[in-house]
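Protein chains in written order, with our numbering: chain H, 356 to 662; chain W, 132 to 425.
Hints listed in this document are in silico derivations from the structure and should not be mistaken for laboratory results.
Accuracy of the hints is not assured; some may be wrong.
Claimed, not checked - Which bits of chain W does chain H cover? Going by a derived footprint, with three or more residues having C-beta under 8 Å, they are:
(1) 180-189
(2) 254-264
(3) 389-398
Fair warning: this is a prediction, and the values are worked out from it, not measured in the lab.
Each residue gets a CB set at the ideal place from its N, CA and C atoms; glycine is no exception.
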Amino acid sequence: MRNHDRLSAIGYRLSARRSTAYSWLLILPPLALTAFFSIYPFIVAVDASTHRILLTRPKKQPYIGLDNFREVLRVAEFRDAAVNTAVFAAMTVPAVTLLGLGVALLLNQRLPGFGLLRWIVLLPWAIPLVGAGTMWRLLLHGNTGALNGLLLELGIIDEYITWLSRPTLAMVAVTMAHLWREFPLAAILFLAGRQAIASELYDVARIDGAGAFALFRDITLPLLRPTLLIVLVYETVVSMSVFDLLYVLTGGGPGSATTVLAWYTYATTFKFYNLGQGAALSLLMAAAILVVIVLYTYILPAKEERR
Amino acid sequence: MTARRMLGRVVLYALAVALLIYILGPFLWLLSASFQTDIALFQQPPEWFPDPFLTDNYRYVFTGKVPGEQGIGAVAAFTQEAQRIPRSLANSLIVALAVLAVNLLLATVAAYTFARERFRGREVAFFFILGSRLLPPVAVAIPIYQILRQTALLDTKLGVILVHSSFTLPFSIWVLTLYFRGMPREIEEASLVDGASRLRALFSIAIPLAAPGLAAIAAFSFLFSYNEFLFALLLTQSPGSKTIPVAIAAIAQNPDASYSLIAVGVILAIIAPLILASVFRGYIARGLVTSLER
Numbered sequence: 356m357r358n359h360d361r362l363s364a365i366g367y368r369l370s371a372r373r374s375t376a377y378s379w380l381l382i383l384p385p386l387a388l389t390a391f392f393s394i395y396p397f398i399v400a401v402d403a404s405t406h407r408i409l410l411t412r413p414k415k416q417p418y419i420g421l422d423n424f425r426e427v428l429r430v431a432e433f434r435d436a437a438v439n440t441a442v443f444a445a446m447t448v449p450a451v452t453l454l455g456l457g458v459a460l461l462l463n464q465r466l467p468g469f470g471l472l473r474w475i476v477l478l479p480w481a482i483p484l485v486g487a488g489t490m491w492r493l494l495l496h497g498n499t500g501a502l503n504g505l506l507l508e509l510g511i512i513d514e515y516i517t518w519l520s521r522p523t524l525a526m527v528a529v530t531m532a533h534l535w536r537e538f539p540l541a542a543i544l545f546l547a548g549r550q551a552i553a554s555e556l557y558d559v560a561r562i563d564g565a566g567a568f569a570l571f572r573d574i575t576l577p578l579l580r581p582t583l584l585i586v587l588v589y590e591t592v593v594s595m596s597v598f599d600l601l602y603v604l605t606g607g608g609p610g611s612a613t614t615v616l617a618w619y620t621y622a623t624t625f626k627f628y629n630l631g632q633g634a635a636l637s638l639l640m641a642a643a644i645l646v647v648i649v650l651y652t653y654i655l656p657a658k659e660e661r662r
Numbered sequence: 132m133t134a135r136r137m138l139g140r141v142v143l144y145a146l147a148v149a150l151l152i153y154i155l156g157p158f159l160w161l162l163s164a165s166f167q168t169d170i171a172l173f174q175q176p177p178e179w180f181p182d183p184f185l186t187d188n189y190r191y192v193f194t195g196k197v198p199g200e201q202g203i204g205a206v207a208a209f210t211q212e213a214q215r216i217p218r219s220l221a222n223s224l225i226v227a228l229a230v231l232a233v234n235l236l237l238a239t240v241a242a243y244t245f246a247r248e249r250f251r252g253r254e255v256a257f258f259f260i261l262g263s264r265l266l267p268p269v270a271v272a273i274p275i276y277q278i279l280r281q282t283a284l285l286d287t288k289l290g291v292i293l294v295h296s297s298f299t300l301p302f303s304i305w306v307l308t309l310y311f312r313g314m315p316r317e318i319e320e321a322s323l324v325d326g327a328s329r330l331r332a333l334f335s336i337a338i339p340l341a342a343p344g345l346a347a348i349a350a351f352s353f354l355f356s357y358n359e360f361l362f363a364l365l366l367t368q369s370p371g372s373k374t375i376p377v378a379i380a381a382i383a384q385n386p387d388a389s390y391s392l393i394a395v396g397v398i399l400a401i402i403a404p405l406i407l408a409s410v411f412r413g414y415i416a417r418g419l420v421t422s423l424e425r
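In isolation and in its complexed conformation, chain W is listed as follows (with noise of 0.2 Å):
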């Protein structure tokens, strides 16, 4: 190896470190401040590891149980607040899931039909339902809020999932119907001339090949339904409707908050996205790909 390219992969490592410091750093400090107290967080500089390790926090959050005599001034005045993250979890969990079956069932089957049945007024539909997602969220916010009103589904959780499904069913179908029209029709007509159905053809045969695709708009409902703040803070109010970026936010601009305790929410509310994002990766980079390159 030459001197020059032994620098050059020195300068390589280098920023490869930077970046590697630069995108796990505010994780990785998160998680430190969220085992220690307020008090240490407030020295400065602050206390860089948790010293003492305090699971106190996370404690709270899950039992009630107000930190012992080092987390004393912990706690502040958002007792309740912090009380409903566990809860707000579950909802977020529950809801995510539910937009995500639902895309995977409603797209998969519109996708197929689109990509594969010639029907009159094919293109109106495709265009309708795609055109849709141009429309600024801001801008329907108000109307739906009304709509859910009148239908008795403010509030609960069915009504995220209303929302959220018909926001992220344009995207998916758009992705699977690319993904669809990419595959050799071959397969599926031997079947069809076998005797079985459109609808047969598309369980046994399209979607065991279409599986990448569905992985990718699983995790993107998913990570949308589980992200998205603005429907969710307007639609949802009590506890059993609450999704987790909007009990977040209302600890996060809490002034009388405790450090600690908005680290722990926080943590608690990435592990899902960050598990996901990790598994499916390669869906995720490819279904971006694929969607946004037409």
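Chain H with its partners taken away, still in its complex shape (with noise of 0.2 Å):
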């Protein structure tokens, strides 16, 4: 055994040079892809935001430095979307968490019939965002929804709700949309991280009475906390960058109630063809997400710090 290992490794120096050149080969193909397709679009895109690129006047596109960021970030448009996503972000993040933890737990319960649930959870999250905006968008319609017609045969309303046109509701349409989208994906994760908490945990503390409340509180909460920080910091991410079910569900509208980042920073590109600002827009709300994934894993590190 010493032997063949001594050869091998003789074998390995030998052949490393050759070995080099033959493992780059081997990852050039996505290399490749990934240069072509994201590096330099990225580095194209930052040449963009110091220049005015405006698609009406294509010939003068003159360097202006920070200008596009110092305009964008004057205009009132921009604040106004920035609130927006933050107001969404602040609606749907608790709303993801929580409902997915809720389900979790519900999921983890050893009961007939409950294999199935855990089967179905998953479905809302592999459809597309545009096939679930379009299915909300028929079901919240102000006169077809099969809401309103299941809030009217319950008596909850007398007369059908137009939730899309009114602008606080149509925040909260979007929110709902998202909310049934979304919550699988934490479901899923915390009902992993519930899984792979020792079952023995539970027994003892049973053992020394400890009820199901806190149980939960001293051994469930604490241990899924790893969980909880990626559960955040993904949804965060995904709520921050909605688009696809604004597209087909409100259109950011109605005005610019439901105008987030996203959305404006695609309507400054693709709708006012206001390139240099554009590009300015997606790398503000790129810097954006990264401080805020940065002050999630500030403010609650996936360890227990130790006290």
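Using the hints, build the complex out of the two chains.
What follows is the structure in structure tokens.
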């Protein structure tokens, strides 16, 4: 065995040079695709953000330094979009996290029939966002919506509510659709985290006379902390970049009621053809997302600190 | 069973039923709506079950045969858009399957190389590929559009396949590298000593062992590509390359669109991902957990 190790070590050394070239050859295709469709475009975008680029004036694209950023930060529409994004994240992230956690704890019960539930819980997350959005557009429709029909049948409302054409309600409507689509992912992650907790912990605590709530507070919650961090970070990023749902549900409206940063960036770039400002906006968005991720890991360390 | 435990069970089952309705209700309502006429849908409250049960909407989408008596008013101004659904479905399936194949092939080889070979620049290359996913999609949209235009790949399925592949490969490589690293080296080493090449060891030994990981990335890359909207919207225009999310969005945005036909479109669009997610559910869940927990 020893000899064999030594032999193969010599073999490795001899082939080391050949092996490096060979290895690079094997990773070249994904490397090239990444360089071509991510890194290079990103450099182009950074460059674009420092130029005034209007498709209406394609010949004149002067370098203007950070003016795009300054202008973007100054306009009221940007501030509205930033506020809308924050409001949307503030509504959806806690909702998705809490519903996901609750559903995970429910799915964790070993009762007959619950296997089926664990099976179907992922379905809303698997379909195209555009499909989910269109589905909710029909559900929430002011004239034909099933939700209105249901509320009417139950006697909760007297006449149909136009969910999507009233500013505040439109935001609530998008939140409802987003929640339905996103909670399965949180539930799956929490469920995996919960199943990783050794059942002996609960047995011991129960012998000590701990009630259900104490078990949850003192065992489940602290041990789910790493999962909680992942869910919070992931769901915050997702809700800060919401776009597909808005495209089919509200188109950023009514007015600018559901215009979030991703939509505003899209509109600036593809509706008003201000490519320079669009690039600046998308970089600002990326920076904001990065800041949020760093903040989370700072506020909520994955491992509980020693006291 | 004590009365208290009994009560606990009743509560749990009540919650389970509520969850079941919450998850499946929207799907079932859509299915019901797709077999109705618009007239029935516009009643307040609407018909919950199709009466009469109408397959005309589906027939119209596939054959172009305009619905008969009962369906009048169901076909509004967006005739062509609804009839593009089958073509878009085919486009989406072709693109997503190609992206899946690209991922299985390239990501497996690359991930295996990252996990097993020691070579100069390995770490740099790894971070180069993974780091690319931190860039927001909107930021690279315009440059990618320009690249595809210059290479005459705009409005082609190949263009979408390349872009989707470049977006999914980093994730697949990440998941599979973790997978290969977690596998014992000994068996592969043994076959190397027997004179097999690295690639040979990969295909005959490592891949069978990593099958669950491969299933996960296959499911992920298919779902990503099938569901992706922003780039598909920007990069495709003609019926020959438009994917299904783009077709659905076009119909949903049309103010004249018939609601039952929109429902048909969404139902047809979500069949493939629903089947995939049900079949691969276990792999998807495990893949998600491994990939996000690092």
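Which of the listed hints are broken here?
1
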